[in-house]
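Line by line, the protein sequences are chains G and X.
Going left to right, the first sequence walks through residues 1 to 251 as UniProt numbering numbers them.
Going left to right, the second sequence walks through residues 1 to 229 as UniProt numbering numbers them.
Please note that the accuracy of each hint is not assured.
Unchecked claim - Straight-line C-alpha distance at most 30 Å; calculated DSBU-like pairs for lysine-lysine: (1) G:113 <-> G:101; (2) X:223 <-> G:101; (3) G:27 <-> G:101; (4) G:79 <-> G:113; (5) G:165 <-> G:113; (6) X:169 <-> G:141.
None of these hints come from the bench; they were simulated from the model.
What you are looking at is a predicted structure, and each value in this text was computed from that prediction instead of being measured.
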Amino acid sequence: MTDNGDDAPLVRLENVNKHFGALHVLKDINLTVFRGEVLVVIGPSGGGKSTLCRTVNRLETIDGGQIVFDGQPLPDEGKGLARLRSEVGMVFQSFNLFAHKTILENVTLGPIKVRGQGREAAERRAMELLERVGIAAQAQKYPAQLSGGQQQRVAIARALAMEPKMILFDEPTSALDPEMVQEVLDVMVSLARDGMTMMVVTHEMGFARRAANRVVFMADGQIVEENTPDAFFGSPQTDRAKDFLSKILTH
Amino acid sequence: MDTSALFDFSPLVQELDKILLGFWATIRLTLTSAVIALVLGTILVAMRVAPTPVLRWAGAAYVNVVRNTPLTLVLILCALGLSDTMQLTFSGDPTTNYFWWAVAGLSVYTATFVCEALRSGINTVSMGQAEAARAIGLTFTQTLRLVVLPQAFRSVISPLGSILIALAKNTTIVIVASYLDAAAQMKQMFDDYGGTIPIFLGFAFGYMVLTLPTGFLFGWLAKRLAVAR
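Turn these sequences into a full structure, and let the hints guide you.
Laid out in structure tokens, this is it:
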């Protein structure tokens, strides 16, 4: 793993606050993601990890503070927001492949409709990406015909097809059968090796140790701890993190 | 008392050409209105789920006003109010003019039901589908057109079939809009021959010939086009 040389921030969250009704889910979040960095967000359920991840491409709006992507504040809506989203890939817990489209169409839809690429070029590129995630043979099938692990790898190919500046992973392996987790993590590790900027919300501590440049520990809507994986897993500083780690690492 | 006329099928045979013309009018009214209602209903549902409050409000207001107005009133408004009184005409030829006013009334009315069927179809499409579409940079309209509506349509094919059948039968009141269809022909025959059971049976059979296959066709389409989730 190469440590990222240039310290240019790609995403900066400044005093971000978010409420769901009376629930304060993000409390004064300050966080920077650097180019080429793999940032892993871990923490107990309901701690605001997914919400944090979803604010970066504005699938969740925020009530206070601001988010700067690539030097520009996130657009509120309209074409500007659509353009931003085309530059930020997203991989969901429940895959969300377009159910009425084939695997190949899932991957080419964005390049054709958003980027205006020709069908032939888009399909050629899509096949390369499907090859890379090991699904090329299933290109003409529909999502429901694939296993969860295969669907999630297609979802990664769909995100890559937009040639995004970063990819958000919102618990990408949480909905998978155990034997399919590894195939998805392998693809993610290879992306990390290639220098993709990634923000990964996950419960996979093995992945965090292997691929992360930095680990952020979130609980109760706050960033409680932020460190390198070795330092965080080796000697957590806060009681909240020690408690969390003792619960998940004892087995 | 001579009751034999009550069971005499011969008027149906004698007037067959007029009856068939009447049903041909029914078919043209139904198909033309169905196409327009489908387009209008799609536009309405897009308004009802739009992010702009004004559009949502306008869509909801339209649906609630028109859907709750009796179709007879809608058609009378079209033919007597807009066409005869206000002289808004589609054509100088009365038959053509009243045909299109009948189509207009049937379409704006049926569109509300198409809209509500589609809206329930949209509710069957998971939020994640729209989120994934937005996440690759599709705009609201693209998300609706490319991802949400195609799936919504396929999940409400059966109800759309029911709406089409209802539309076919609703054409029977276009006589109030001065246009003559199969039902108008039936009323004419009741006047000429008396209200006999054979005439009634003959016309009821004619409508079923149109609507029963429609039901079967849509049932088959619904199965065939279902999206596996």
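Against the structure, the hints come out as follows:
A C-alpha spacing of about 14 Å is found between residue 113 of chain G and residue 101 of chain G, which places the hinted pair at or below 30 Å, so the restraint holds. Our distance criterion of 30 Å between C-alpha atoms is met by residue 223 of chain X and residue 101 of chain G, whose separation comes to about 17 Å. Taken as a hint, the residue 27 of chain G and residue 101 of chain G pair is broken in the structure, with Cα atoms around 39 Å apart against an allowance of 30 Å. Proximity of residue 79 of chain G to residue 113 of chain G is assessed by CA-CA distance (about 13 Å); at most 30 Å being required, the pair is judged to hold.
Between residue 165 of chain G and residue 113 of chain G the CA atoms are separated by roughly 19 Å; this keeps the pair inside 30 Å, and the hint holds. Only pairs whose Cα atoms come within 30 Å are accepted, and residue 169 of chain X paired with residue 141 of chain G is rejected, the gap being roughly 41 Å.
Hint violations for this structure: numbers 3, 6, all remaining hints satisfied.
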